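Next come the chains, spelled out residue by residue.
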Amino acid sequence: MKKLITLVFLFTSTVVSAGTLVVNSNQSGESSKAAFDAYVDAFRAAHPEVTVVVNEFEHEAYKTAIRNFLTAEAPDVAIWFAGNRMKFFVDQNLFQDVSDVWADAGLNDSMASTKGALTVDGKQFGVPWGYYQWGVYYRKDLFDNLGLNVPRNWEEFKWVCAMLKKNDITPITIGTKFLWTAGGWFDYLNLRINGYKFHMDLTAGKISYEDPRLDAVFDHWRELIDPGYFLEDHASFSWQDAQAPQINGEAAMYLIGNFYVPTLESAGVVDKMDFFQFPTIYKGVGVAEDAPTDTMHIPSGAKNVEDAKKFLAFMSNAEAATNWAKMAGMLSPNKNADKPENRFSVMGAKMLAAADDIAQFWDRDANPDMASASMEGFQEFMVKPDREDKIRSRLEKERERIHGSL
Amino acid sequence: MTFWERNQLKLAPFLFLAPAILIFLIYVIYPIIDSIWVSFHEWNGMDKNGIRGNGNPNWSWVGLKNYIILFTDDEEFYVSLFNNIRWLLFSLVAIPIGLLLALFVNQRILGMRYIKSLFYFPFVINAVVIGVIFTWFYNPKYGALTYVLSLFGLDPIPVLADENLATYGIIIASFFPGIAYTMILYITGLTGVNREMVEAGRIDGASGFTMLWHVILPQLKPATLIAVVVTIVGSLRSFDLIAVMTAGGPWGSSEVLAYKMYQESLFNYRMGYGAAIATILFLIMDIYIAWFLYRLFKNEKSEK
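Note that the protein sequences, when read in sequence, are chains A and B. Under my numbering, read the first sequence as residues 6 to 411, first letter to last. Under my numbering, read the second sequence as residues 77 to 380, first letter to last.
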């Protein structure tokens, strides 16, 4: 009996001892898991005194699990996303202020590009580990056959679409079954037409969906919808389903994130593919890009804050930061990280470095219920553009319920 | 005699029932009451004493507000309710088809056992797999349906992307396991059919449809009752196929109450509102369960 008590004592004491660091991770895909493991291993080598315990969750299930574990049994470090998704937990006092980590580890300098996305009221509540660009992935071979050049502005973009359509090629592939791909189109049209500041005010619920400044966004969108430039029946397809027409050479362009590249590689068409930045619509509007940022946070209920801060500060290690981002197919937000080798990542890094502002993506910037209602509206608009007024008044009603009247 | 010895016979059944009742109370009754309680509140699922970003508390009493919004200010609620009614009515079609299949496989022909198990197979497959198979079947670009239509020179029909057809498309997918289930119910029912009555009917000149309608079907009444109730309850709970095949879309047109509840509470952080939808669904189901129990007791009484 005495032995048993000692054993129990030993067991519990190792669990609560200062040397154990519990990390909850959503890095469940094959390559994401390997990438995260590499970071953990590098951290272990640098800090042998800390025992790291990783709890791995399936990526989608993590999104609901995090609300439970942050309140019930908080880990020392939790992986999550920047923008409104982080702010939700900051408002709930569930994430700790880690501004000291930013200052002490020199992140204010090395992570400057994504600092804004991690800041609430002037304080940082997490450390980014990777981000990726959005843009138009297109079939260079189809463009070359028809003698088309990369469109730089809206007129050229429409002309390219018209030429492709004339030659029986679907200009733009998209699958809106799970809605968020439509959110990407709205993001870019609004960022290019009304600019970053307006876009952020809209996601924060400070602007009406019936505001006349949004008319231009829907009008420009219609210029692509009415001539049938988007893939037919796109509401039937997931974003993965929509890859097939492009891989088969039946569709030319796809507005999507850089996570598309591994599929292109395994489908063997990566050599026929190229990338361009979403074209300018109005001159004089600052160039903003969607670059969703994945992050690490210290929950307020963390037991081992000291080691958790070491774990976050380790992102200042350029080599570890490079490896994690590279292996996961992302860009490292650390400016001292090695330059990416993959050409799509190279183009992305260059584009994001030159961007005036970085948005997180519609469903990460907007409040969750506003995001789901609005993306449903965008999908409906893409199929039934004549319902624009009805859709916008519905969204405005929803906005008013969530954010209050203006 | 001790207290135990005197009352042993009276107490023993309750002692045996106690563990089951306890678990039932904790995992079924308590959550039902708790859900109804939550439905009178506005709650985002977080710490009940916490404060939201906009300064309001996470958990606050709002009385009947959730129900009032639901009935007066939420078009999607009526879309979901109407879809539930469509599910309810059209999923019943599986029952006569199941009966026909049961009559077909209830013959003594070589290899019929294997054919039976083939027909039963869809019921054993996970609903998610069925959803994926039917999503491929309906795929307007590469699906089997499109291919069949093209043989007749018809254009593809984007079933799951059409706001009017999506729900029917999913209901048809639900027939796949539904028919198998009712078939099994009827096969077991058919083994209990009284042969003497069939013989007597034959002597009186009944055959074919008359025999089925007047002699066989009345004897299958218990099986029909169970098939109807299970199908209706199943159709009210329909969720998995919708989540896999359309995710409620296009633009929410194929949502049902169960899916809307899940969407509002888990994705939109509106626990109170989701609980109100759950309560409505619970009340609707109660009507059917009450009817089912009423029929059950009436049948038992008449048998005695």
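By construction, these hints were calculated from the structure, which means they are not laboratory data. Wrong hints could be hidden among the right ones.
[What the hints assert, rightly or not] List time: in silico DSS-like cross-link candidates among lysine-lysine, alpha-carbon distance up to 30 Å:
no., chain 1, residue 1, chain 2, residue 2
1, B, 124, A, 395
2, A, 68, B, 124
3, A, 68, B, 141
4, A, 315, A, 68
5, A, 308, A, 120
6, A, 288, A, 120
7, A, 389, B, 124
8, A, 308, B, 297
9, B, 217, A, 145
10, A, 277, B, 141
11, A, 128, B, 217
12, A, 92, B, 124
13, A, 402, B, 141
[Unchecked claim] Over the 12 Å line for every Cβ pair with chain B, so calculated as not near, a few chain A residues:
no., residue
14, 43
15, 48
16, 64
17, 96
18, 104
19, 105
20, 172
21, 242
22, 255
23, 402
Because the structure is a prediction, the values reported are computed rather than measured. Glycine included, each C-beta is placed from N, C-alpha and C at the ideal position.
Hints versus structure:
1. A C-alpha spacing of about 36 Å is found between residue 124 of chain B and residue 395 of chain A, which places the hinted pair above 30 Å, so the restraint is violated.
2. The hinted pair formed by residue 68 of chain A and residue 124 of chain B meets the criterion: a straight-line CA distance of about 20 Å does not exceed 30 Å.
3. Of the supplied pair hints, the one linking residue 68 of chain A and residue 141 of chain B holds, its CA atoms being roughly 28 Å apart against a limit of 30 Å.
4. Among the hinted pairs, residue 315 of chain A with residue 68 of chain A is consistent with the structure: their alpha-carbon atoms are about 25 Å apart, no more than 30 Å.
5. Distance hint between residue 308 of chain A and residue 120 of chain A is fulfilled; the C-alpha atoms sit about 26 Å from each other, no more than 30 Å.
6. Pair hint residue 288 of chain A plus residue 120 of chain A holds up; C-alpha atoms about 27 Å apart against a cutoff of 30 Å.
7. With a CA separation close to 41 Å, the supplied pair residue 389 of chain A and residue 124 of chain B exceeds the 30 Å bound.
8. Simply put, residue 308 of chain A and residue 297 of chain B have alpha-carbon atoms about 63 Å apart, too far for the 30 Å limit, and the pair is violated.
9. Only pairs whose Cα atoms come within 30 Å are accepted, and residue 217 of chain B paired with residue 145 of chain A is accepted, the gap being roughly 23 Å.
10. Our distance criterion of 30 Å between C-alpha atoms is broken by residue 277 of chain A and residue 141 of chain B, whose separation comes to about 57 Å.
11. Proposed proximity of residue 128 of chain A and residue 217 of chain B is contradicted: the alpha carbons are some 50 Å apart, above 30 Å.
12. Our distance criterion of 30 Å between C-alpha atoms is met by residue 92 of chain A and residue 124 of chain B, whose separation comes to about 18 Å.
13. Taking the CA atoms of residue 402 of chain A and residue 141 of chain B, the gap is near 16 Å; set against the 30 Å cutoff, the hint holds.
14. Chain B leaves residue 43 of chain A outside its interface by the beta-carbon criterion, the shortest separation being 32 Å against a cut-off of 12 Å.
15. With a closest Cβ-Cβ approach of about 30 Å to chain B, residue 48 of chain A is found to remain outside the 12 Å limit, as its non-interface label requires.
16. Distance check for residue 64 of chain A against chain B: the nearest CB is about 15 Å away, which clears 12 Å, and the non-interface claim stands.
17. With a cut of 12 Å on Cβ distances, residue 96 of chain A falls inside the contact zone with chain B, its closest approach being about 3 Å.
18. The beta carbon of residue 104 of chain A is kept farther than 12 Å from every beta carbon of chain B, the shortest such distance being approximately 19 Å.
19. Every Cβ of chain B is farther than 12 Å from the Cβ of residue 105 of chain A; the closest lies at roughly 23 Å, confirming the non-interface assignment.
20. With a closest Cβ-Cβ approach of about 19 Å to chain B, residue 172 of chain A is found to remain outside the 12 Å limit, as its non-interface label requires.
21. For residue 242 of chain A, the condition that its CB be more than 12 Å from all CB atoms of chain B is violated, with the nearest at approximately 8 Å.
22. Look at residue 255 of chain A: its CB is around 9 Å from the nearest CB on chain B, not clear of 12 Å, so calling it non-interface is violated.
23. Separation of residue 402 of chain A from chain B is inadequate, the least Cβ-Cβ distance of about 8 Å not exceeding the 12 Å criterion.
Checked against the numbered hints above, the structure breaks hints 1, 7, 8, 10, 11, 17, 21, 22 and 23 and satisfies the rest.
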